[in-house]
Amino acid sequence: DAGITQSPRHKVTETGTPVTLRCHQTENHRYMYWYRQDPGHGLRLIHYSYGVKDTDKGEVSDGYSVSRSKTEDFLLTLESATSSQTSVYFCAISRGEETQYFGPGTRLLVL
Amino acid sequence: GENVEQHPSTLSVQEGDSAVIKCTYSDSASNYFPWYKQELGKGPQLIIDIRSNVGEKKDQRIAVTLNKTAKHFSLHITETQPEDSAVYFCAARLIQGAQKLVFGQGTRLTINP
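Chain order of the listed sequences is A and B. Residue numbering for the first sequence is 1 to 111, as defined by my numbering. Residue numbering for the second sequence is 1001 to 1113, as defined by my numbering.
Derived by calculation from the structure, the hints in this document are not laboratory data. Computed from a predicted model, the values in this text were never measured in an experiment. All residues carry an ideal CB built from backbone N, CA and C; glycine is no exception. Just to be clear, a hint being listed does not mean it is correct.
[Stated by the list, open to error] With beta-carbon atoms standing in for the labels, derived distance ranges:
hint : chain 1 : residue 1 : chain 2 : residue 2 : range
1    : B       : Asn1003   : A       : Glu79     : 27 to 37 Å
2    : A       : Arg107    : B       : Gln1045   : 14 to 24 Å
3    : A       : Arg95     : B       : Lys1068   : 23 to 33 Å
4    : B       : Asn1112   : A       : Gly51     : 45 to 55 Å
5    : A       : Arg9      : B       : Ala1029   : 36 to 46 Å
6    : A       : Val52     : B       : Glu1079   : 43 to 53 Å
[Said to hold, decoys possible] Here are the simulated lysine-lysine pairs, DSS-like style, with alpha carbons at most 27 Å apart:
hint : chain 1 : residue 1 : chain 2 : residue 2
7    : B       : Lys1057   : A       : Lys57
8    : B       : Lys1037   : A       : Lys11
9    : A       : Lys70     : A       : Lys11
10   : A       : Lys11     : B       : Lys1057
11   : B       : Lys1057   : B       : Lys1068
12   : A       : Lys11     : A       : Lys57
13   : A       : Lys70     : A       : Lys57
14   : B       : Lys1022   : B       : Lys1071
15   : A       : Lys57     : B       : Lys1058
16   : A       : Lys70     : A       : Lys53
17   : B       : Lys1068   : B       : Lys1042
18   : B       : Lys1057   : B       : Lys1071
19   : B       : Lys1037   : B       : Lys1022
20   : B       : Lys1037   : B       : Lys1057
21   : A       : Lys70     : B       : Lys1042
[Stated by the list, open to error] With the Cβ distance kept under 7 Å, some of the chain A side facing chain B (calculated, not the full set):
hint : residue
22   : Tyr31
23   : Asp38
24   : Gly42
25   : Leu43
26   : Phe90
27   : Ser94
28   : Phe102
29   : Gly103
30   : Pro104
31   : Gly105
Using the sequences provided together with the hints, build the complete structure.
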């Protein structure tokens, strides 16, 4: 998985609780991305980062925030989890050319 | 914004036959088109990609073709094997905005022995 780890790999939480997912890379890539994957929707971009402290929204950013204080870590936070945020979350990294490499994913269930 | 449509959503072929998956995109300025393979429980893995200045690219049993005029590109897998069974995603790179990709909905390919 191109030096990308995600934690936790599985999480069950309750509606209204905050949740933070972590993406860690050892490749020193500039760009990092968070996607969610749902049946029938492919992969949809939530947020991305183009450098430390530089982030921007993707197409499905409502209800999510991100932070990147170090090159190697990109955090995704659900401030108050809802059942509609039950999904599989993938982190990806890129050097800056087009190719993106994906992590193993985090399976999140919001009850 | 960019929109990518992928067909079919499921595809079943006999081992040894060929499989073709097609994608169309909406933004004529898009210039990079990767294909990913996703096995059960894993993250997507890049298998082949093509840039807009090339019409076809091959890598062993896998090939991708691009028709810029029609705004569609296709994945071709020849001599299919059971290990080709997976979900395949196409994507297109937005020309604007920090290397963002827009993905198709995915195709579940099943190779029947």
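Q: Sort out which numbered hints this structure fails and list those numbers smallest first.
A: 7, 10, 15, 17, 23
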